[in-house]
Amino acid sequence: METFAKKRLEIIVETPVAKQACAVLEHRGVRAYTVMQTLRGLGEEGPWSGEGVVGAAGQMALILAVTTENRLDGVLDDLRVLMRRHFGYVTVTDCEVMRSDRF
Amino acid sequence: METFAKKRLEIIVETPVAKQACAVLEHRGVRAYTVMQTLRGLGEEGPWSGEGVVGAAGQMALILAVTTENRLDGVLDDLRVLMRRHFGYVTVTDCEVMRSDRF
Amino acid sequence: METFAKKRLEIIVETPVAKQACAVLEHRGVRAYTVMQTLRGLGEEGPWSGEGVVGAAGQMALILAVTTENRLDGVLDDLRVLMRRHFGYVTVTDCEVMRSDRF
Amino acid sequence: MDSLALAAQNLTSPMVLCFALGLAAALARSDLSIPEPIAKALSIYLLFAIGMKGGTSVAAHGVDATLLGAIFAGAVLSALIPVIAFIALRAISGLSRVDAAAVAAHYGSISIVTFVAGTSALGGLGIDFEGYMVAVAAVMEAPAILVALYLARSAASPEDAAAAEEEAHLPGEPNLMREVLLNGSIVLLVGAFAIGVIIGPAGAEEIAPFTVDPFKGVLCLFLLDMGLIAGRGLRSSVKYLSPPVLLFGLVAPFCGAALGLAAAAIVGLSVGGAALLAVLSASASYIAVPAAMRVALPQAQPAIYLTLSLGVTFPMNLTLGIPVYIAAAQAFLA
Amino acid sequence: MDSLALAAQNLTSPMVLCFALGLAAALARSDLSIPEPIAKALSIYLLFAIGMKGGTSVAAHGVDATLLGAIFAGAVLSALIPVIAFIALRAISGLSRVDAAAVAAHYGSISIVTFVAGTSALGGLGIDFEGYMVAVAAVMEAPAILVALYLARSAASPEDAAAAEEEAHLPGEPNLMREVLLNGSIVLLVGAFAIGVIIGPAGAEEIAPFTVDPFKGVLCLFLLDMGLIAGRGLRSSVKYLSPPVLLFGLVAPFCGAALGLAAAAIVGLSVGGAALLAVLSASASYIAVPAAMRVALPQAQPAIYLTLSLGVTFPMNLTLGIPVYIAAAQAFLA
Amino acid sequence: MDSLALAAQNLTSPMVLCFALGLAAALARSDLSIPEPIAKALSIYLLFAIGMKGGTSVAAHGVDATLLGAIFAGAVLSALIPVIAFIALRAISGLSRVDAAAVAAHYGSISIVTFVAGTSALGGLGIDFEGYMVAVAAVMEAPAILVALYLARSAASPEDAAAAEEEAHLPGEPNLMREVLLNGSIVLLVGAFAIGVIIGPAGAEEIAPFTVDPFKGVLCLFLLDMGLIAGRGLRSSVKYLSPPVLLFGLVAPFCGAALGLAAAAIVGLSVGGAALLAVLSASASYIAVPAAMRVALPQAQPAIYLTLSLGVTFPMNLTLGIPVYIAAAQAFLA
Ligand SMILES: Nc1ncnc2c1ncn2[C@@H]1O[C@H](COP(=O)(O)O)[C@@H](O)[C@H]1O
Ligand SMILES: Nc1ncnc2c1ncn2[C@@H]1O[C@H](COP(=O)(O)O)[C@@H](O)[C@H]1O
Ligand SMILES: Nc1ncnc2c1ncn2[C@@H]1O[C@H](COP(=O)(O)O)[C@@H](O)[C@H]1O
Ligand code: NA
Ligand code: NA
Ligand code: NA
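Protein chains in written order, with the working numbering: chain A, 875 to 977; chain B, 875 to 977; chain C, 875 to 977; chain D, 28 to 361; chain E, 28 to 361; chain F, 28 to 361.
Warning: the hint list may mix true and false statements.
Unchecked claim - Lysine-lysine pairs mimicking DSS-like chemistry, simulated, CA-CA at most 30 Å apart:
| no. | chain 1 | residue 1 | chain 2 | residue 2 |
| --- | --- | --- | --- | --- |
| 1 | C | K893 | F | K266 |
| 2 | A | K893 | D | K266 |
| 3 | B | K893 | E | K266 |
Hints are computed from structural coordinates only; laboratory data are not their basis.
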């Protein structure tokens, strides 16, 4: 079956900044994303856990966005600025999708 | 260490249809999958959020299934039919696994 | 924009053993990971669901770790031992990141 | 107390104010939110408590012949209202057949929290009602869905019909009726009702500090959540509602209530029971039916039916509708 | 009241009916479910409230020498029952050593919700019990695990031993005993017990509208959830239970209860305390032990031990066992 | 009762003991934990109930001129305390400007659960307080953040300034003040307060079995959770707190409380109101401000401010501070 090559962005970012990360995506033409919760983790700042935590600080969100290669550079430019001082990271993976039009 | 090439299917689909998407996988020989919850997102239909929502409508589920390449075509055929009128999308990514037999 | 090739490890493992899987990662030099919850699934052992379940047994966790290729062999060696008798699996995917230093 | 005084008093009840707080918070883009599992738990609590209450009351007062009449009336109303709604929508709204059918399904079916708010308003006025109205509520969930699907499919476009056909051949095509009838909410409501019937008032006494005492407070919190959801929905989707559709969302409940009252009079329900049958007929589903529509009528737009049901009709019923229906029941039946 | 009348009355209690509702819903494949964090919260509430209740009661009535005896008896029962269970299972069931040991661990350990249901049944009958039975419950969680692991490992196959050996060299190999003893449930139960002892009845009064009044209702909701889980487990895994294993799940509790009663008589517990020691001995863990087995005995099949404990023994204890154990305690000790 | 006796009594309250249990469990690495949605729900409940209580009390007792004075005093304290804290931290702690400013923001702002614990301690002593102190609490959340950001930015390093500048040009740069003011906690607190004012004591009576009766018990569970979080934070991050910073976390609250008392005396609050203004001034935010700092001052280290606020100051206030502030209010104002 024919599939189309796209880029899968996976952004793990501290929850208080997740909204801004999404705004960056939208601004750079990524008009679809999905946000997920994470439970706990380990990073440069040591361990963290969201269990029992009430506020957004100290929690990490995962943002998933499948988009086209041509949008990638702009998105990564802005994300690099955003992530310079915030916890988290960004990965880009190659993926295939079934419908080219909707990305 | 020796690893084996497989395909990682990631399906994001509206929750009321997740069960049917899983049935499609099973029917096409994908005998293992994992379902995860998502929090909120943006898509062609605009923004959505699961926060405070009681029913399944208006929520999106993520289905993860690692399978062999030869099963892919059948699965995607059926998923294409299913996803034609439902919210969400499907991505396929190359991945490596440690044990070939169990996929 | 310049990006760097890394490996994305995705481990799905039964929750009671998730802590040990994380210890394995740390021991092999993977100093960052994120743990997520999963909802339900199907596998060799049949279907499972975390809904309404109080204990850790019978639930599956997802561990995400982006790391460098040179750490992979050691990690997979230990994970192979761990996963031999526990439910779940490990996938490795190629990915690109924006900052090389932090992985 | 006349209907306006009732409505005014209703507007300053903690329930309505909590809903208003949620609505205002969402419209002002506050990040106030109730976690999803908590919202589910509140809903489970309300279904459990209201079902139990109905069952206990049936155990205490027994049932009479009107029970069967009321159940039958509920089923008929649930099947009839979508037909009328569909015709009205097609006549005035410009909605496609599919969208009109989907909206119609919501108005034939019921909203249990509107029902609960109705019982709470009756309680505040000291008006009794038949305990089995809970069972009537359960019965009214499903027929509307069947009728609406029939309306939608009977005139589907060729492409829609083809797509539906192809999808129907996929494995795992859900047995919709089974899913609706075994829907968690219905099972819990009916199950708690049955438990209430079995344990009776003495048994219910044991757990009353859980099921009865905090009931109104929990309802307040749930209405806060509903306000948040309704506000969010209005903010993002009110643009999908044309004026005639909006009008439908405001007027249809009164027509539904009138039908409900008429049926109640025929069946011989008490004033309280009649008011509740009116509330049920006036209310529009926003949990079970939307999920069923996404499965069975995916080409209908949820932005229309969900926003109309939750953002327009629900608040109207909560604030204005319920006191009016109660006053009408008092006027016509007492 | 004889044991049959007790059992009959018990069958129509809201607690048992809620469990039955959950079981029926799951077997009928309804999508009714309690969100996972809510189930955890209900369990936290029950542990907190029952621990507090026990501690308060100890503060009110003081402790006597039987406290130490009861704790000792609990530890011995927890260590002894798995040995007997293991021998019995090997003799009749055809389970492998590893599976038999894993099952045995569950029956030596305890189920706190069965204990809670037991206290609730005693309360309904107006029978008092020693507040420190809560501490006895906590003590009985762990020994069974140690004994069962010893049984499993003492005769592991060479491959199993090699695999366990290799795994033991992985970093982060958990300190099982530490994890079991500092298990959240035990810490909460013992901590709430200690708080109850410190604050005493006067302090407990302050929070009684939270810890006491809604207790039974919360228990009902938790049992609804357990019914759902048990039903789901039975549906997918009853096929893994051979007739002898099923029989074990139904009969072993009575043997455990008999041992518990004997120990209670020796130690000198009251009728209520004896009934609870019987309940604890009869009950099978379904939270702590399964998790420990997955870590320490991964080759044992959870489909067997979980389904047996939760799907067979728990319902039997809840419906038939508890009234029988209470009646037996009354007959033998009063 | 003198302040030591008060403190001693306070130490054996169920509230403090629950916090201690959580702290001990976390330090012992128990896996006890409260699911995140449950912790959020407990917090929502407390905000709702305390807001409602304040509003109802205002409806009952009316407001006088001191209301405006108290609100003004709260705003001034919230703006002033960070300046003093910042100067003190720069003088004694060796923290960078940015870290000092971030810490200062926390101490100018407030912790609502400390406030709730204060009202609960007052209730235990039978001391009344002005219902509108809830509104004062809400007012004190935000000014501290603005002042601290000003302090941080007025002397940012060139790189920091450049980075902030560049980040400020990103799309979606949040409107911080808007977000803080429309923060869910503030909206809920103020909204529930307003609802309480509207419905008054009669309306509040209806939902008192939910908002009032179980209040202390829910507070206990929430404090258990806070103990768990505080212990976890201390375990992983106490190493980031140098002795002078630790000292600050222990002493600053008393200075804040003294300022609060002075302001209360000027404004003319009652003893209870004065004690609460002292508690608010002494308390340090651990929900709203940390989140705001992560957005607006990302280069400040959360391991410092969160651990200090939640792991050091909160327990100190809960155990020692509150009784001392109440005793001081009694001594100075009665
Ligand atoms: N390209 C994408 N990347 C990430 N999430 C997506 C994407 N497309 C759709 N989604 C998710 O699926 C939901 C429904 O999408 P849609 O069908 O476009 O309305 C969105 O709200 C997102 O949560
Ligand atoms: N390489 C990584 N793989 C997986 N998760 C990561 C990685 N780096 C950071 N994270 C997650 O992001 C959080 C913050 O990371 P850091 O900015 O390194 O403190 C960590 O606690 C992890 O949850
Ligand atoms: N290939 C796979 N793709 C996705 N999830 C899987 C896969 N294999 C196993 N899982 C998940 O891991 C659980 C345990 O798998 P198993 O060890 O096969 O019983 C399953 O129930 C799934 O949730
Ligand atoms: Na209706
Ligand atoms: Na036992
Ligand atoms: Na302060």
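These are the hints, each one checked on the structure:
At roughly 23 Å between alpha-carbon atoms, K893 (chain C) and K266 (chain F) fall within 30 Å of each other, so this suggested pair holds. As the CA atoms of K893 (chain A) and K266 (chain D) are separated by approximately 23 Å, the hinted pair is consistent with the 30 Å bound. With a CA separation close to 23 Å, the supplied pair K893 (chain B) and K266 (chain E) stays within the 30 Å bound.
The structure is consistent with each of the numbered hints, conforming to all of them.
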